[in-house]
Structure formats: structure tokens, C-alpha cells
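K.L.:
Listed below, chain by chain, are the residues.
Number of protein chains: 2
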Amino acid sequence: MATPAALQAEERLGALVSVLDVVRTKGAASRGHLSDATGLGRSVVAQRVAELAERGLLAEDAFGPSTGGRAPRLLRFRAEAGHLLVAALGATSADVAVTDLAGGVLAHREERIDVAAGPDAVLGRVDELFRACLAVATPAGSLWGIGIGVPGPVEFESGRPVSPPIMPGWDGYAVRDRFAAYGAPLWVDNDVNVLALGEVRAGVARGHEAVVYVKIGTGIGAGILAGGALHRGARGSAGDIGHIQAIDQGGVVCRCGNVGCLEALAGGAALARDGEAAARAGTSPFLARVLAERGAVEARDVGVAASHGDPASVELIAEAGRQVGRTLAGIVNFFNPSLIVVGGGVAAAGDVLLAAIRETVYRRSLPLATRELVIQRSSLEHGGVIGTAAMVADQLFAPRWLARWLDAGTPAGLAL
Amino acid sequence: MATPAALQAEERLGALVSVLDVVRTKGAASRGHLSDATGLGRSVVAQRVAELAERGLLAEDAFGPSTGGRAPRLLRFRAEAGHLLVAALGATSADVAVTDLAGGVLAHREERIDVAAGPDAVLGRVDELFRACLAVATPAGSLWGIGIGVPGPVEFESGRPVSPPIMPGWDGYAVRDRFAAYGAPLWVDNDVNVLALGEVRAGVARGHEAVVYVKIGTGIGAGILAGGALHRGARGSAGDIGHIQAIDQGGVVCRCGNVGCLEALAGGAALARDGEAAARAGTSPFLARVLAERGAVEARDVGVAASHGDPASVELIAEAGRQVGRTLAGIVNFFNPSLIVVGGGVAAAGDVLLAAIRETVYRRSLPLATRELVIQRSSLEHGGVIGTAAMVADQLFAPRWLARWLDAGTPAGLAL
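Just so you know, the protein sequences line up as chains V and C, in that order.
390 is the number of the first residue of the first sequence in our numbering; add one for each residue after it.
390 is the number of the first residue of the second sequence in our numbering; add one for each residue after it.
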């Protein structure tokens, strides 16, 4: 039973979270601005700001612009109060960083991995990279949280991957236990979810409510924001667009066992396969040279070749874009986003892909759904780690978790 | 600038909305249950309950089950405090009702219309049906709100249809002005959105967070719930799945101008067309009799024929189900709902359609996305009016609007 004291604690917590959220996600603000943005009275804002400052989460910053009277002091989130360890894992890459509490990167290591090597090998290496980053970063504050993005579906509550198709050995793996020695709370999320969150917090998706982030890498997946919040789906598998049937009949057998899947037609593995075939068939002199030099063609080679004007590669990339565009056209009709962000290794290739996607979506979707639709490339270089840090911070500063650690001063040792 | 008094008003309003929401949408509750469900202290709940009772929105009801001590009094929402006028319009039907504030139907009129006759003709008839319902309902309380569901995209804030493809003359029409004489606030929403809301509030979708409601009538459309709330999309056109390209090449030209659209293959108009062709070709004796008797075949005739075992009709309905299922399989991968509700005139035909949809979705979607996915038929006879009433009540009792009418006692005269 909630007592009046418990009620007051609840109201206090709600006000703390509201004030923190504005400063954390929107930037420095005056007390007056905080009052307007949260709907809380000035006296309550002043009390909560004082409490957050006392706990080292807010600091008085520079003076803001005056609106006539005395220039108001701006309050900023003390991102340096603690630090986070984050790892954004793709099928073949690990992007590992120490960040501050706002996702500012303090130290960073990126390398090729094979996620199919299994959780012991991959997370062992992530652990080493964490320690390597910590050795050079000398962050202020203690470790407040750990975040891991993985290329597969995740049961968010438990932090366990669930039947991830390209991650053998990871199904149900207790990622939290693996990093228990750090004594910090840990959350796991899907790799494309954190990329989407990164773009909303620090990239091109700022201010958008309905967003689809499409990652075209080895595989193809999407992250979805509805009402500005991540939509993870009933089983954490939302956004798995790589296995939507893109063509009616025939087509290549996909790793999922079906035929005609988008990913088997337009993913990085498909591009590498078709690029190598073009090299062997002699239709692409550029890729033939790559094949002769390195013995294999990768998706990124096809992208580089296309950006150099190699006709066969331009056509491969454009056809991949048209296939992705046809699937996205259906998603646009269904979901009516205001923004589609295209990211991933294949997307980095150049403008041919984006142009083909745009052309197909605008032609195949209903006019109303595309009237204000923007389709653009991901803007963040380290979107994975920025998004993973945002995912962890969002959890740490949500009422549910903040209530559990605020009086202790830091979330270190918080058991999930 | 928010003053301490304004802050108190804000907190009071939040508590009122929380208490009302539980009783309104979850049913009768004791004060203790309200405290648990809202996280508010018992003293605050008691104060807010008293205030809501004084304003006639809550009433003491029967005694609930005792948990040892004195049996607690249950509080119920006084749905009879006012009434609503609601109209659920489809392409060819109008379902009009007077309901209480909880969507309980007090009087009801249903008839065939042609929404393409334009807003003056259609809404003029709706107005007559409103008056006919009011003449027999003798509802307690005054008129608190009006809701209209229309078969097209709507700009929800202004209540105006936006480029609705099957509603010529409705684009930008000021529906609110048309009913201004009633002196009650009016909201307009998409027909499938209100059907989805009806199922969440009173039907098979209760307790689900991620839901897709598919209406297969003359056209095909979907209503989407994400996080338990309606997802209307950036331009109010979310759920327009009828024009997703269902087949690669060829196919019939759709009314939207594209070829291969789902609706042109599997909608009611397509079924009527194919059923009539079967009648003329002599492959369906059942439909040939219908054609001879009435000079035309409608989609519902094909459904009736299928449920009587007419082989050609069974195959037409099953093929429509497979086409819908293929599109839904992609949506399941993208959105990962826990429930798909199938409704609309064609869905009423029988089990053949549902079986074909299920079989295709379970075969074509990823196993994780379908592991706990339920696909079932709509459960509500008057889902459109129930959902439209829920849509209106949700607006009336949201903080934004409640603040504007609560002190006046009723929302009558509330200008939007």
C-alpha cells in the first residue's frame, strides 16, 4: 500500500526524471526553460535541480541569452559523473568504446570479428577491448553501466539473445553473467535498435517520432521508433525485414530456409556473391582485378567499384537498392514514417544505392505516405556505440532504475 | 511560467486522469486497487475519488470480495453521466449509435451508404440517423462528444480527411463544422483505427500491446497499436496496406493506379469481380444462380458460397487469404505483433479465409515472430461504434481536454 510518504517519493522521482530527461536529451537549459518543458512549477524545478546538482548530475554552466532581465544560468547534464562501457556488435565487426553518460566517446576500438564464433570467444574479445579502452581513457567517475548491441533478436528484460539466426551458440546466453565482474548493470539490445536510437539522440532523426532505420550490411534489418520510443515488438524481433519475401517465385535460398527473401537478394552476402560472379564472367574489369589480387570479392568492393563508375557494379548496387526500396515501399504504406535512415556497410558505398531506394519508394508508396517522407543516409560515424550508450543511459535514468540507485549516489553494483 | 498553484493543479489533474483511466478501461475497482494500479497514495486516491464522485464521474458500487477484513466498496465509472454520438463509416456502410461514455450502445442504426456520394450527402444522412437514434434512446445526461470513423486517412488534430482515395470530395472537409449545431466536441479517425481500438478496449485484443487489425472489406486496411496506443503515422496514413505490392509483375490495375496491389487481388471488389467471372464461366453453379437472380455477384456471395462448399468460391476465398497472408507475413517480420485481428465483411465469410491467412503467415514469417502470434477473427458485432466511442472518450478524459472542461462539469460546448 502506498503511503503519503511513498506518494511524495513517487512525485519527487517523477520530477527528477523529467528535469534530467530534458537536460540529458535536449541539452543545456535554464530553470525557466525546464519549468516550461516539464510543466513543473518553478519552485519544484528549483528544488529538484538543487538535489540533482548535489548528487553531481547537474551543474551550473555558462549564462544563457538574456530575455531582458538578468541572463539566466544554464544547467547542463554532468555527463562526466560516470562512464559507460559499450560494444556494438555486427555480424563481422565490433565497435567498442568507453563513453561518458551522454554517449561522448572517450576511447574507442574497432575491429573485425565473427559473431558466429560464439559468445565465449566474441565476448572474451569484447572484454579485452573494454580493458584496452579503459587503459587509455582515464574517465572521470566510476563505471555506471554496460551496453551490448548484438545482430539478432533480444529478450530485453533478461538481456538474452533469442533464437538469433546468424549467432550460433548465443540463444539464451546470459550476457549479464559474463560481465558480472564489472559490478555494473548491463543491458543488451538489437544492433539496429541502438543505431536507430543513436540517430534520434544525436543524428538525423532528432525530433522525429516515427522512424525506420534500415541497416544494409551482411544482412538487412530495421530499427523502429513509434511515438519517439523504440518499438521492440512482442518477442523482441521487430524490424527483421531481411526475410520479408521480396519476389514471388524462385530466387536464391536464404540462410533462413525460405526463398525470395530480401536479404538473399540485396544483402552484403548477396552483393559479394553477385560481384564475384561478375568478376568471373568478365563483365566487371574492376572486380576482376579485386578477385585476382585478393582471391575473393566483398560487398564493399562492389560499392567501391560502383562509386568508380564500374557499370556492372553500378547495376548490382542499383538493383539491390530497388529490391530494398520495394520492401520499404510496403513498410511506408503500413507504418507511415516521417524519416527512413539508411545505414550499414553497403549503404556507405555511395549515392547509387540511396537513389535507387528513393526512386522505388516514392514510386511504389501511396502519395500521402511519402508527401513529407525523407530518406537519407545515416549521419553518425560511431552510431552503434552512441546509440548503445543512449540505450543504457535511458535505462539508468528511467524511474524504475533511478529509484533503485539514486540514494546510493551511483548505480554501481545495481543488480538487474 | 508555472506557479506552485499551477503545479498543484497539474498534479491533481494527473491523479484524476490516472484514477479515471483505470476505472474507465479496466472496470470497477476498490480504492486499494486504484492505489496499487496508479502508484498514488491512498489519501490522494481517496481525495480524487471524492472529487470525481462529486462531479458525477464515479459512483460507489457493490461490495467487492473481502480479503479478510471488511469487504471494500467498489468504484465504477458512471458511464451514464453523459452520452456520445458515434458513426462508423465504411465504403458502403454506416453504423450509427448513441452510446454511453463507456461505449455501451443505447440506440443503433445501420444502413448501406455510398461514401463516394460525398460529405454533404453522407454526413447529412448520418445527422438524420443521429436524430433517429436520439429519438428512441432517451439517454441520461447531456451530449458529451461526437465521433466519426471514415474509410481513409485523417489529420487527427483538425479532424479533416486527407487525400482519401475512395472518398471523392472529402479531402480537407471540415467535419467538425458540419456538426457544430450539436455544441459538443467532435473527433474524426480512420475506420480501421477505431476498429482496432474497439478490440483493445472490449474485444479479443484486451491486454495486448502490439496489435495489427486487418479489415478486409471492399478495400483492405489495417489499424496499428504500438505500446498499447494507436499508431497513426506521420501523416495519419499508417495501416494503408491495401496498396502494398503483393505480386511482382502484371496483375490487375488497382484504383490507386499501380499494378499488383494487395487490394486489387484480394479485396471485396476483387472477389466480387472474380466471383462474377466464375459464375459466367460456369465453374460455380452457386454463384451462377446468384448472378441469374440478382444480376450481379458481391463479395459476400462468394463468402456464402464458400461456406456452403462451392469449390470455385472456396478457392477464390483461399487465394485471397493467401495473398493477404503473404503481405501480413512481411508485416509480422517488421512489426512483431502479438495479435492479428481479422475483420471486415469478407472476413465474416467463414473459416476458409482465416485458415489460408494463418497457414501463409506461419509459413512465411520468421519462427521467433510467430512463436506466440495469435491470428483470430474480430469478436465484436458493433466494433466500429464501440471503438469510435472509445476514441472519443480517450480524448475527453486525456489531461489536455479534461483540464478544459472538468470545472464546467461537462464538455458540452468545448471548442476544439
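Everything labelled a hint here was simulated from the structure, so no lab data went into it.
Glycine included, C-beta positions come from ideal geometry on N, C-alpha and C.
Among the hints, a few may not be true.
A few chain V residues facing chain C, derived, Cβ under 10 angstroms [said to hold, decoys possible]:
| hint | residue |
| --- | --- |
| 1 | D450 |
| 2 | S626 |
| 3 | G631 |
| 4 | N722 |
| 5 | N725 |
| 6 | R753 |
| 7 | L757 |
| 8 | A758 |
| 9 | L803 |
Which bits of chain C does chain V cover? Going by a derived footprint, with three or more residues having C-beta under 8 angstroms, they are [as the list claims (entries may be wrong)]:
| hint | segment |
| --- | --- |
| 10 | 435-445 |
| 11 | 539-552 |
| 12 | 675-686 |
| 13 | 793-804 |
K.L.:
Could you run down the list of hints and mark each one as holding or not?
P.N.:
Cross-check of the supplied hints:
1. D450: violated, 21 angstroms
2. S626: holds, 5 angstroms
3. G631: Check passed: Cβ of G631 of chain V comes within 8 angstroms of chain C, closer than 10 angstroms.
4. N722: holds, 5 angstroms
5. N725: Status holds, d = 3 angstroms.
6. R753: holds, 6 angstroms
7. L757: Where the cut-off is 10 angstroms and the nearest Cβ of chain C is about 5 angstroms from L757 of chain V, the hint holds.
8. A758: holds, 5 angstroms
9. L803: violated, 21 angstroms
10. 435-445: Result for this restraint: violated, n = 0.
11. 539-552: Since three or more residues must qualify, the claim that chain V covers the segment 539-552 of chain C holds, with 3 doing so at under 8 angstroms.
12. 675-686: violated (count 0)
13. 793-804: Violated: only 0 residues of the segment 793-804 of chain C have a Cβ under 8 angstroms from chain V.
When each numbered hint is compared with the structure, violations occur for hints 1, 9, 10, 12 and 13.
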